[in-house]
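Novice: As you go down the protein sequences, you meet chains A and B in turn. Each step along the first sequence adds one to the number in UniProt numbering, with nothing skipped, and position 48 is 48. Each step along the second sequence adds one to the number in UniProt numbering, with nothing skipped, and position 267 is 267.
Misleading hints may appear alongside valid ones.
[Claimed, not checked] Computed Cβ-Cβ distance ranges for the label pairs, DEER-style:
1) A/Ser363 x B/Arg101: 32 to 42 angstroms
2) A/Ala30 x B/Leu102: 37 to 47 angstroms
3) B/Ala177 x A/Ala30: 30 to 40 angstroms
4) A/Gly310 x B/Phe201: 43 to 53 angstroms
5) A/Arg324 x B/Leu102: 54 to 64 angstroms
6) B/Phe201 x A/Gly54: 26 to 36 angstroms
7) A/Arg309 x B/Ala177: 44 to 54 angstroms
8) A/Gly29 x B/Leu202: 26 to 36 angstroms
9) B/Leu102 x A/Gly54: 24 to 34 angstroms
10) A/Glu210 x B/Ala177: 51 to 61 angstroms
The set of hints was computed from the structure by calculation and includes no laboratory data. C-beta atoms are modelled at their ideal positions from N, C-alpha and C, and glycine is treated no differently.
Residue strings, one per chain:
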Amino acid sequence: MTPRSGTLSPDAQAEAADLRLEGLEKRYGAALAVARLDLTVGAGSLVALLGPSGCGKTTTLRMIAGFERPDRGRITVAGRDITGLPPHRRGLGMVFQNYSLFPHKTVAENVAFGLRMAGLGRAARDEAVARMLDLVQLGGHADKHPSQLSGGQQQRVALARSLAPNPRVLLLDEPLGALDKNLRESMQFELRRLQQRFAITTVLVTHDQEEALSMSDRVAVMNRGRVLQVGRAAEIYDRPATRFVAEFLGTANILAGTVAEGRFQPACAASPGKAPALLSVRPERIALGPEAEGLENRFEARVVSSAFRGAYAAYQLAVPALGRELYAYRQAGGPLGQLAYAAGDVVQAGWGPEDGVIVEDDS
Amino acid sequence: MTAAPRPALTGRPSIGRPFLALPAVLFLLAFFVLPLLDNGLRSVVPADGQGLTASRYVQVLTDPFYLDSILQTVLLSGVVTLICALIGYPVAYYLVRHAGRLSSLIIFLLIAPLLTSIIMRTYGWQVLFARRGLINTWLVQDLGLIERPLRVLDTPGLVVASLVHVLVPFMVLSIAAVLQGVDRRLEESAQLLGASPWRTFLSVTLPLSLDGIGTGAILVFMVANGSFVTLVLLGGGLKTLPLLIYQQFNTTRDFGLASAMSTVLLAVALVCLILQLRLVRRSGA
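So here's chain B without its partners, still in its complex pose:
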């Protein structure tokens, strides 16, 4: 081979690369990084604008009221995530393994709740479960099964149900995507080696689909963590961080404290994200 210098061809595509990413970078800078920095700054600058203070963080992280709120936020998201996984896995399994031609219909039905606006969806729950709502009317008047209407509205249970309702599709689709790639011959190998269908599931199928559960869990957890409208409308006596932040901005008008709480909420979300990634990586690959 001759040692001729390489043609300059290789240089050409790389010139375009930074330009291709530019719009996205500018957009993120303007609408994500800068506001985030501004928010962070506001949380440490005292009301009189002199110097810096960490007092709001101390308040959020030590005051039992705020600690309880952080705990409620994480707990609510955790419960919603868990229920989504428990409901979503069988659905995803059926979708991938047994649905066949029905699968597009099932996917449509799954996504259908996302097609309606969140306000309509949330009021829908109210119409269903109000004291004189559809279900209580049936149970008390039409069927006479119970004497007094069920108190479902304004309970944490309804908040959880409503969040699961919207978020379960993310879980199902994440799991289904991974399950699709699990080679059925692995399961057949396990069975021939003496594993019953249930043991095959536990020792082969489930470990190999953990990645999908992980992705779904992260998605569901993050969205549940920041959910706001559902909590405002269905309440349930829960005081999650997003609600408190809203109150600080609109009622108390303590922007500094609100900013500090947003930073904490972001940090909580990041910590949970890292923990979940760890968990999935370790048991998955």
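So that you can see chain A by itself, here it is in the shape it has in the complex:
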């Protein structure tokens, strides 16, 4: 391991390194857990690996950490190949879902662990530990044992512990999965704030789309061992490349049809012989009633059911012309508690050409 300055300065832009995964592949028997995965995480940025359980995201993270050996491919940090290094010589930091604090050590001893392993002297260690604990607002808890802390506090200790030795790359494995909803949201902000303050290259593994969207610079959506799409959160949400991405990230109305001369025709109106295609339209892009007037794609729809969801109203619509149902989200305006449409109403539903995206069928 390269000698690293023990007394870290969180405000200084740490010498963040970029992380590259090249053609990474892992098999368990006949099952392909990760298939030919390429991914680059820019220096100081946070990339979220998002996908359902069993999609290979955790295996990927464990290969980066060195707990699993890839069958093929290589992993480099700042151009240096670490594929063959054991975990303790990789200089990475990791935070687990269940915190994984050492139960027999105090909070301060937990945070000091990595510094002790790096051979730091007592004084420097104490100073760094105090600073790290202040940074995560746990200054007064140094001598407590992890079991005396709340879940959120434990997770902050885990974060302080992983950042203390100034790792080159930070790995987060479902870091907020064990916290309740309110705490999760505030921890999302805190994690992101620290990540940016340290400007540390970070890989976040999560199945929670909200977490991925709100914390990351870029999101990599994974399924069945493959990365389907990488990009900024908004980009992926607005321009999903495949049907899986569209449906996993938020809700999507997927319409089958054909494409001719750059225009999408729903299946019912399509003539045979043209290229089949799928169109994804986000529910919040579907306009109803007067808003739908003049839109290019407009259909008569019957409200099957409606639901008040706080910030918006969700409608389930039956559209005879499309032979299927659509979901539409509209702002819950009007008098309090009043939805614009009720079950049984017949309304116009429509969307403009810029609201639909042609997606690849990968289901």
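Dock chain B against the given chain A, drawing on the hints supplied.
Specialist: Below, chain B without anything else, positioned relative to chain A:
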């Protein structure tokens, strides 16, 4: 909410509770507490039955012969416990971490010695190590590695080996039970923080499994402390307290002294138990 009185439901299960414990309490009273009291009484009542005396305790605790015996007893149990821990830990570690499907087979093999009777097991050692036993015959006649047969029988070493043989399963199973509960992600965390596998073991795995070593040590120590048949049959020149107590009852027929020695043996066991619990509590939790 209305302030209605609580239904009497809560009272019902508690009626049954004392009755549930009754058989066990009666049994312990009849076969444990009363004999213990009787034993204690016998150790302080003089031979003529008049008044009380502490002379036997003074004798056991001051006479070098008996002190030596106490020391031998504790030392033998200590050595057996230590060896069991040293042998048992790696086995338990392998069992939990690497054995996989083999684990039930290993557990069976571990418990197998306990399935044979102690007499058979002990004579087995004699057959193996006698002057003209299996091993010496091999070494001297068949292989010609040594000129004279090894003298293993009647040595303390064989007593220790025999006790370790029976008691090591208790150690292994105690450690394995605790090791099973040690989260592997703790070890992974330590490794990512820069700890080599060996340092990870010393600073995370071992401290977290101390509880198991403690439980195993107490079990092994207690059983070794009171072991008798093994010592009678394999001897080894050891004079532990259980042997002396046996002699007092059967040969010298000094029941008072024998009772005093049993009380001392019990006290030694209790002191060691408390010390070990202390040790484990402090470094463990």
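Novice: Work down the list of hints and note, for each, if the structure agrees.
Specialist: Status of each hint after checking the structure:
| no. | hint | result |
| --- | --- | --- |
| 1 | A/Ser363 x B/Arg101: 32 to 42 angstroms | holds (37 angstroms) |
| 2 | A/Ala30 x B/Leu102: 37 to 47 angstroms | violated (23 angstroms) |
| 3 | B/Ala177 x A/Ala30: 30 to 40 angstroms | holds (35 angstroms) |
| 4 | A/Gly310 x B/Phe201: 43 to 53 angstroms | holds (52 angstroms) |
| 5 | A/Arg324 x B/Leu102: 54 to 64 angstroms | holds (55 angstroms) |
| 6 | B/Phe201 x A/Gly54: 26 to 36 angstroms | holds (32 angstroms) |
| 7 | A/Arg309 x B/Ala177: 44 to 54 angstroms | holds (49 angstroms) |
| 8 | A/Gly29 x B/Leu202: 26 to 36 angstroms | holds (35 angstroms) |
| 9 | B/Leu102 x A/Gly54: 24 to 34 angstroms | holds (28 angstroms) |
| 10 | A/Glu210 x B/Ala177: 51 to 61 angstroms | violated (40 angstroms) |
Violated hints for the displayed structure, listed by number in ascending order: 2, 10.
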